[in-house]
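**Student:** Need the complex rebuilt from these two chains, each delivered in its own frame; the hints are there to steer you.
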Amino acid sequence: MLSNIIFFTLSLTALGSAFAMIYFRQPINSALSFIVTLLSIAGLFALLGGSFLFLVQIIIYAGAVVTLILFIIMFLNIKEENLPHEPYKGRWILFMSLLISPFTAVLISSINSMEFSILHLKDFGSIKDVGMELFNHWVLPFEMVSILLLIALIGVIVLAKKEESHD
Amino acid sequence: MIDVGHFFILAVLLFSIGMVGVISRRNIFVMYMSIELMLNAVNLVLVALSHHHEDLNGQVMAIMIIAIAAAEASIFLALFVMLFKNARSLDANFFELLKQEKHND
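Just so you know, the sequences run in chain order A and B.
Yeah, the first sequence ends on 167 if you go by the working numbering, and it's all consecutive.
Yeah, the second sequence ends on 105 if you go by the working numbering, and it's all consecutive.
Simulated from the structure, these hints should not be mistaken for lab results.
One or more hints might be untrue.
[As the list claims (entries may be wrong)] As a list, the in silico PhoX-like pairs of lysine-lysine whose alpha-carbon atoms are at most 25 Å apart:
{"#": "1", "chain 1": "B", "residue 1": "LYS99", "chain 2": "A", "residue 2": "LYS89"}
{"#": "2", "chain 1": "A", "residue 1": "LYS79", "chain 2": "A", "residue 2": "LYS162"}
{"#": "3", "chain 1": "B", "residue 1": "LYS102", "chain 2": "A", "residue 2": "LYS79"}
[As the list claims (entries may be wrong)] Going by beta-carbon spacing under 10 Å, a handful of chain A positions derived as facing chain B:
{"#": "4", "residue": "MET1"}
{"#": "5", "residue": "THR9"}
{"#": "6", "residue": "GLN57"}
{"#": "7", "residue": "VAL65"}
{"#": "8", "residue": "ILE73"}
{"#": "9", "residue": "MET74"}
{"#": "10", "residue": "LEU119"}
{"#": "11", "residue": "HIS120"}
{"#": "12", "residue": "ASP129"}
{"#": "13", "residue": "SER146"}
{"#": "14", "residue": "ILE157"}
Quick reminder that beta carbons are idealized off the backbone N, C-alpha and C, glycines included.
Excised from the complex, chain B in its bound form (with noise of 0.2 Å):
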């Protein structure tokens, strides 16, 4: 029989992809998804626990999780047409501009 560990196992696998997913890839939508993917299996953990316990704070906590995540992905998006209109580019490594320059002079 599967029990909560089962799940917490999945979670974890969710985690790793999604961090995998913000170091390696350079494409800034996919790297917005990995985090969302990360938010999502905290999600998973927390409502695996909330069965666990009997006790319905973590599905409260997950409401609250998603509801964030909600907020989060409007001003992600936003900065995602701002970037598009100045660079033409979704490469994250456009922020590279935003790193000091060495005065080697």
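The shape of chain A in the complex, shown without the other chains (with noise of 0.2 Å):
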């Protein structure tokens, strides 16, 4: 019964702030109402036993990534000239979903279609298991994303660095 308050609750929260994150017309405020759904979709991650996974959504997704973001938004100095001209925002978004909500339907009737088991609170993904089944069958994958991960970092350097003149 718990569990069900907690549910409904964190999804109707996430929906909210993910429909609000897109109706903003400031970027400042889309990413702090984004910051709301991430940590509702912890919440759901707690609630699905992965525990690792909720603090790594936590400390990745709303510490580093929203908070890059909003440093971002903050150093470019963003004045109410430099934002897009959107007229016809809310009849954009309103066309939008008229013509996305068919696929939405299909795919949430096929969902119902099938049989699911009921939520059991159990904690089976914690920092101990995760680790062992990171390090024992996908040693692999995570070497490559820290080669990944260096390489991103070489390429925004690159990106992001002042040129030099060429005269």
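**Tutor:** Encoded structure:
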């Protein structure tokens, strides 16, 4: 019974703040409501038993990625005239929701026709279990992700550094 | 009682909201955050499947997706800084200059 209340609260918060994120005009309001979405998704991970993933979601997504977005938004010093001119934003969102809703309805009806296990509250994604799985069966993808992060680091430095004047 | 299917329905709805955001907005920050929202919906599906099968592979895949999203975030934000330096605008329509001009001569 308690898990029902937690699930519906978190999912309504996630859906509402996700919609607010795509509706706000100022990017800083969008980023702040995106943090709310990410935190409620982290709560859903905890409800599904992934305690390590709950921590990772809060530390990396809400803590690092969105903070980086907020930092860049403040660094760019965005004025009103720098924002794109979107006079028909509400109509666009309404029209695209109508266009996408049939696909969503098909997916939801196909999910409803399947049988799933009832949610049981059990912690099976602790740090030890995930670490054993990661370093026993996922070593090669793990190392490749570390190389990918290094490449991203170098690429960002090359992109963002000041260009030398060629004259 | 809620089951794993409810989590799937929520993930589908979040993915649809993200897709609407990517298509209908022109502010590149909102487009980027919508892409991140779609990645999070996929993560939710993976973790729900991992709960359904009582198998940890789904959670490890979700961790990989989070690491790749962090790498992607840095590249995206460097591109935003460059775009803002060059165009003084956050409008995604700036990239229209990449399209091919028609030669009617």
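**Student:** Any hints this thing doesn't respect? Which numbers, in order?
**Tutor:** 3, 5 and 9
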